[in-house]
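S.K.: Here is what each chain is made of, one letter per residue.
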Amino acid sequence: MVSTNLRKGIFARIKGSNTRSYTRLIGTLIAVLLALLLGGIVISIAGANPIEAYGVLLRGAFGSTYALSETLLRATPVLLAAIGLSISFRSNLTSIGAEGQIIIGGITSCLAGLLLPTFIPAIVRIVLIMFFGFLGGALYGIIPGFLKAKWNISETIVTIMSNYVAINVLSYLLNGPMKEVDSFYPQSAQLDDALWLPVFIKNTRLHIGLFIALAFVVIYYFFMFRLPIGFKIRAVGYNASAAEYAGVKVSASIVLAMALSGGMAGLAGTMEVFGVHHRLYNDFAAGFGFDAIAVALLGRLHPVGIVVASIFFAALQVGSGAMQRAVQVPTTIVYIIQGLLIMFVCMDKLLSNTIQQLSLKYREKKRGA
Amino acid sequence: MDVDNSMNDVPVIDMRHITKRFGTFEANSDISLDVYCGEIHALLGENGAGKSTLMNVLYGLYKPDEGEIYLHGNKISFSSPADAINNRIGMIHQHFMLIPTLTVVENIILMSKTTSKFHLNLKTECDRLTEIIQKYGFKIDLMATVSDLSVGEQQKVEILKMLYRDAEVLIMDEPTAVLSPNEVEELFIILREIVDDGCAVIFISHKLWEVMRISDRATILRDGKKVTTVNTADCSKEDLANMMVGREITLHYEKPEIEIGEPMLQLENVCLNSDDGISVLKNINLTVRQGEILGVAGVDGNGQQELADVIHGMRKVSSGTVKVAGSDTTNCSPQTAIDCGLAHIPEDRHKRGSILEFTVAENIAMINVDKAPFTHKGIYYPQNAQKVAHRLKEEFNIRCNSVNAEMNTLSGGNQQKVILAREIYRNPKLLIAAQPSRGLDIGATESIQQLLIDKRTEGMAILLISSDLDEVLAISDRVIVLYEGEIQGEFIPGEKTFTEIGLMMTGSSSEERNSTRHGVH
Ligand SMILES: Nc1ncnc2c1ncn2[C@@H]1O[C@H](COP(=O)(O)OP(=O)(O)OP(=O)(O)O)[C@@H](O)[C@H]1O
Ligand SMILES: [Mg+2]
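Chains as they are written, first to last, in my numbering: chain Z, 1 to 369; chain V, 1001 to 1521.
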């Protein structure tokens, strides 16, 4: 069993399992606590009271309708991309490509938004736009998937490199063919406001993309655990050779997992463009694709876990602004906390084992006394 | 090293009142075991009796909930296998723990103390290893990659690893399950030498004649409790079996004569070349009909697995045709073969046969998951899988806490039963059973062999691949012998002596060779 574990990537090993989910949850919670604790030390080194700083951060993230809406807005694309990534991770594919897929999805949907003739009713156009966003990301995910399935080329390396390709394609388009006429900035023309995703809380920016993302969380669960194809994807993730023996077409399953994964990232990009910025510009993806990796990891590829993790991450980032203003701690501190978090989450087994042993020793001592 | 071969007063290992629980389930309750230097101590018990668990406790993989362990009279408490290794205890697991992509020498020095702490010189380590190899007369290439080795050779690597670490206590969990009779003999010679050097060996096996042959004493477990410890010399095989299962085991089968029917498997001139061009199957011709068991005898690694793979569609033939239940399935996908009515109990239950992280129910549903009863109108119903699994658990006497337990948590023999149950209950037209009773206790072996005969009587066609000659001869209607990918001849059990068969298995009977030219039908 040692050998099979070594062959599997970190993501495959970290999958939530049925029987031990309770200890795993404990491990994750300890990891979060430790990260916050160490983060607190860093904050006090930076010269502030950590409790006060965390208090401000919390209020900055959840303290008002507006704060809450900003947190949820920030969580939306990350949630969607993380759900998508979870499909790859469950299939034992270590994809780092969500960032690039978000960008490509943003580009294809924006192109659709600009080019679709206006005589088509807006609602139909919105559906088409979503479709094209999904399709763009999916196709961009299929490339590494196909290379993996056909020639066993590392999907990790291909996805990392394809992120750079996507970033540069975007930059080229915005400085060339897609550049807004007469604009000084490298950005596309503004999209028809009939196509903007509606905001559902007045005076905030929170758009209906949140519900779309939540719908995909449910779809993900259903797909993975209640459809035969999800069963097969999970089987391939755990043991491709056994899956092949059971009649699963392993190559097809790999390509499909990467396609769905990319498609959801592409949709996340679509929502950023049509829900928030209403045009395409250089930094619209803002690292969401990388956050999504961390969120999927933290949420243990479990639908509920991912929802919680995405909100937690967004809260850290949104709240950090308030923290900086109130107690003069630089916002970058939250990146330290995020980094620590990932580190501890990867150590969760060690952590929960240590706790178990400590409690065992404690009980023994009590019995001895 | 202690050269005194007589049993000292102080046992090297003394486990006292060990209890180990998983949740509320007691896998070991109040077990005591003492082992002396210079002895081979057998550990016996049915599947799930708690043998592996007890040894994992000794090896530091599990912490006992109650009880103490003494090493040379000193109380010890291991928190990991590294502690055990440092105290000269080595364990060879039921399922090997080698890293397939590394070479033999790399695997051996991993986790061992090397000559120098800071500088790794593979050559000095190789020299040290060569010494051990020569001393015990191993035949092994230190620079070979582990994935290229046969199971017998991998076993030797494991033993070598222990010797290299200078282990004084060797725990071997079912070491012979995967070995051919010759390899077992070799292993026994090595084990004797090791204990004569003053070491102790704890030996787990389900094969009673081996226990009788090799062990000095035996401890018998049943349902997690110790039954007794006996001197092997004072017992018969029947006594041991009785103590293990509490009833008599006959290993004698009812096998009614029946009419054989339509051919369910036909191979014609099948050849297969490996990726590097070596011919692994040479011109195989065989037919299995309804109502018969065709046994494939031979030493492991002579093309048996490739033969099964070709029929299952996992490998493409170089030439020839394969027909399953009358339809041509040559180079079709595994799913096509399954759809034609094939079931396959694969030889490697971890690599192929099951998904360890899946639950028992999911492992049952793994094949044909998209068909009834698991899937209705495109939706998978886990509860249906659980229902089927529950039925099979009763029917096949699978011991697990629940059908939602991960496959990981089952004992080796019970994992095997899950696979057997899944493949047989589908009532396939053609069943490939490769090493079906590997890892099963004698009771389970008896019932599975009887079940195979019953299925054959009901009209199933069965291709039985086994390196256990007794098994092949006991239940097959016809037997072929495979050597280096070639059929060495065919006979009916009882027609040939063991010696003759042994010769065929090593490819040294030239007369048989001529007859295969014309194929076997
Ligand atoms: N990690 C675990 N979690 C829960 N139950 C376990 C675990 N490991 C073992 N068990 C249970 O403990 C019992 C004893 O298992 P063990 O592996 O010791 O059996 P064994 O005697 O080695 O059997 P076999 O001959 O089949 O290898 C089994 O019923 C098994 O289901
Ligand atoms: Mg065992």
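Calculated from the structure, these hints are not laboratory results. It cannot be assumed that every hint is accurate.
Calculated pairs, BS3-like style, for lysine-lysine (alpha carbon to alpha carbon, straight line, at most 25 Å) [claimed, not checked]:
1) 1063(V) / 366(Z)
2) 1063(V) / 1075(V)
3) 361(Z) / 1063(V)
4) 1255(V) / 1455(V)
5) 1351(V) / 1371(V)
6) 249(Z) / 1323(V)
7) 249(Z) / 1377(V)
8) 1282(V) / 1496(V)
9) 1075(V) / 361(Z)
10) 1282(V) / 349(Z)
11) 1351(V) / 1207(V)
12) 1496(V) / 150(Z)
Quantities reported herein were computed from a predicted structural model and do not represent experimental measurements.
S.K.: Taking only the CA atoms, is the gap from residue 1282(V) to residue 349(Z) under or equal to 25 Å?
M.R.: violated (50 Å)
S.K.: Could you grab the alpha-carbon distance between residue 1063(V) and residue 1075(V) and see if it respects the 25 Å cut-off?
M.R.: Distance of about 14 Å is within 25 Å: holds.
S.K.: Residue 1496(V) and residue 150(Z): Cα distance at most 25 Å?
M.R.: violated (49 Å)
S.K.: Below or equal to 25 Å on CA atoms is what counts here, so check residue 1075(V) against residue 361(Z).
M.R.: holds (17 Å)
S.K.: Take the C-alpha atoms of residue 1063(V) and residue 366(Z), compute the straight-line distance between them, and say whether it is at most 25 Å.
M.R.: Distance of about 19 Å is within 25 Å: holds.
S.K.: Would you check the hint for residue 1282(V) and residue 1496(V), treating anything up to 25 Å between C-alpha atoms as holding?
M.R.: holds (24 Å)
S.K.: Quick one, are residue 1255(V) and residue 1455(V) close enough, alpha carbons at most 25 Å?
M.R.: This hinted pair holds, its Cα atoms lying about 11 Å apart.
S.K.: Do the alpha carbons of residue 249(Z) and residue 1377(V) lie within 25 Å of each other, as the hint requires?
M.R.: Status holds; Cα separation ~21 Å.
S.K.: Between the alpha carbons of residue 1351(V) and residue 1207(V), is the straight-line distance 25 Å or under?
M.R.: holds (24 Å)
S.K.: Measure nothing beyond the straight line between the CA atoms of residue 361(Z) and residue 1063(V); if it is 25 Å or shorter, mark the hint as holding.
M.R.: holds (12 Å)
S.K.: Given the hinted pair residue 1351(V) and residue 1371(V), is their alpha-carbon gap at most 25 Å?
M.R.: This hinted pair holds, its Cα atoms lying about 24 Å apart.
S.K.: Would you check the hint for residue 249(Z) and residue 1323(V), treating anything up to 25 Å between C-alpha atoms as holding?
M.R.: Given that 25 Å is the threshold and the Cα spacing comes to 21 Å, the pair holds.
Against the hints set out earlier in the document, violations occur for numbers 10 and 12.
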